[in-house]
Amino acid sequence: MHVHVVNASNRRQYLDEIEQMHRHRHRVFVGQMGWKALDSPDGLDIDEFDTPNATYLIAIDAEGVVRGSCRMIPSWRPHMLRNLFADYVAGDAPSGPSVWEWTRHAPGDKAFEKDINHQARFLLNIAAHEFAASRGIETFIGIADCQIVPRMIDLGWKVEPIGMPVNYGEGVGYAFKMNVDAANNDKLRARLGRTGTALVVEMPRGLVAEEGAMARRTIELAMRLPQESLNKAEEALRGLVRAA
Amino acid sequence: MNQHADLAATAQLGSSMVDSPVFQFAATALGANDMETVDKELTLLLSTFGVDHFVLYQATDKGGTPTGARLCGKRHDDWRKHYVKEDMAPRDDLMKSGKKSLLPTTWSQFQSTKKVSKGQKKIFNEASDFGLKDGFYLPLLQPDGSMYGVSMMVQHKMDNEPRMLSALHLLAIYYSIAANRLGMSPPAPPPSPDDAVLTERQIECLQWIRQGLTPGAVGDKLGIKEYTVNEHLQEARRRLRVRTTAQAVIEAINRKLISL
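As given, the protein sequences belong to chains A and B, one line each in that order.
Residue 56 in the numbering used here is what sits at position 56 of the first sequence, and the numbering runs on without skipping anything.
Residue 86 in the numbering used here is what sits at position 86 of the second sequence, and the numbering runs on without skipping anything.
Just chain A, with the same shape it has in the complex (with noise of 0.2 Å):
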């Protein structure tokens, strides 16, 4: 399983998973999560913020499977905690360019085996990490409920509040920030057992829309190469992105 960085300018590439997704998170937070105001008859989950303004950080299986998902959004276009709960930050939220929104995090799904849904869920939040380091981004923030902060303290993240707890109208939570340590990532690499940089995929920038699935193929293929090799590789490939 990787995580695949998907915005704007490489979404034509993952439309398969971006329906993935969409479907996926209906599934868990209307499906399972019973949040009512979600619910759509077309069994997926699209709000507003879903615009080209949204990053996608998307756990995907070797078969293609989406397993889990979050949605980041730069903290200067519009966003949630600005746009529709500005009243749950006590003063202003942090803003600015090291500071971005994280929403939507649906690590994996009770359909799912336990070990599936173990390594999307840290997976995840171990490409969040490594996403802030090619940012620049230095402070998640966003609405928890309640019920999911002790999980995300478990994790290492220092969930601090900037809001006082409020009925959403799906549960109670509550404004936050959190900054990024590097040095938790180590630590959530090691809880994992998994080593090395390469858990995100991010297609680089210019790259042939039509071209994408090969191109994309290639990446995945060179991901599996010792990280030596990668290096080379990924200097190549940009060195191409370059000429074209």
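What follows is a list of derived Cβ distance ranges for each label pair: (1) A:31 to B:212: 57 to 65 Å; (2) B:82 to A:46: 51 to 59 Å; (3) A:62 to B:238: 48 to 56 Å; (4) A:44 to B:81: 53 to 61 Å; (5) B:183 to A:31: 32 to 40 Å.
Listed next, the in silico DSBU-like pairs over lysine-lysine satisfying Cα-Cα at most 30 Å (straight line): (6) A:114 to A:158; (7) B:225 to B:157; (8) B:99 to B:115; (9) A:158 to B:40; (10) B:221 to B:133; (11) B:121 to B:133; (12) B:100 to A:158; (13) B:96 to A:114; (14) B:40 to B:81; (15) A:36 to B:100; (16) B:99 to A:110; (17) A:36 to B:115; (18) B:133 to B:157; (19) A:177 to A:158; (20) B:74 to A:158; (21) A:177 to A:110; (22) A:114 to B:99; (23) B:62 to A:114; (24) B:133 to B:115; (25) A:158 to B:99; (26) B:81 to B:221; (27) B:100 to B:118; (28) B:81 to B:115; (29) A:110 to B:100; (30) A:114 to B:100; (31) A:177 to B:40; (32) B:62 to A:187; (33) B:96 to B:121; (34) B:96 to A:36; (35) B:62 to A:110; (36) A:110 to B:96; (37) A:158 to B:62; (38) B:99 to A:36.
Derived from the structure by calculation, the hints contain no laboratory data.
Quick caveat: nothing in here was measured; it's all calculated off a predicted structure.
Every residue, glycine too, gets a C-beta built ideally from N, C-alpha and C.
Using the hints, position chain B against chain A.
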């Protein structure tokens, strides 16, 4: 200004006056190196809300059996002794309420919205005799299926002001997070039923039953209600793994818990 007025005034001071210290406590809970520091800060903060006592305890074990085993906190010693002596945990429905809802509640809310058992009413009444008139309770589901609870007790009726309850909610969450971080765990579980040691009250009840008294007469002897005697006998049967009270008496004699 009495404590109740203190509390009401605090709630009316506006969000920043309430929020900032609560957020500060969360930071302490996430960073403190020892529970003493956390307890000290929470004691100080809760006093502004008129809360004198708070406890984190295991409400039910992973099998759903109420234990009431304390992990940490600033308890009311006399009430705690009484609670343990009277073996109140098995009939404390508030502790079992987490099975149905993980939302926080207060004693007064619990009594006004639920059909409260006689046993539970008795607990609230006796707590009141110890000066504890109301309380805040937050159930916390643990990964192993057991349930913890944070209980905060006050010497007056709470006015259920939403901002204050939200603050207590957040404080309770971060108190339990600190306890978990710093390795607080419930005391070892009680011995298995094979080695069960009955409470003093259960032994007294069985001893009088052995001498031929009815539960009502035992109640008169001990100055407690017949209902309470039956609760003690029921728990004694459970601990001794027998079906009837007669079997419990025989089993207690065999284990030399009561005399012939």
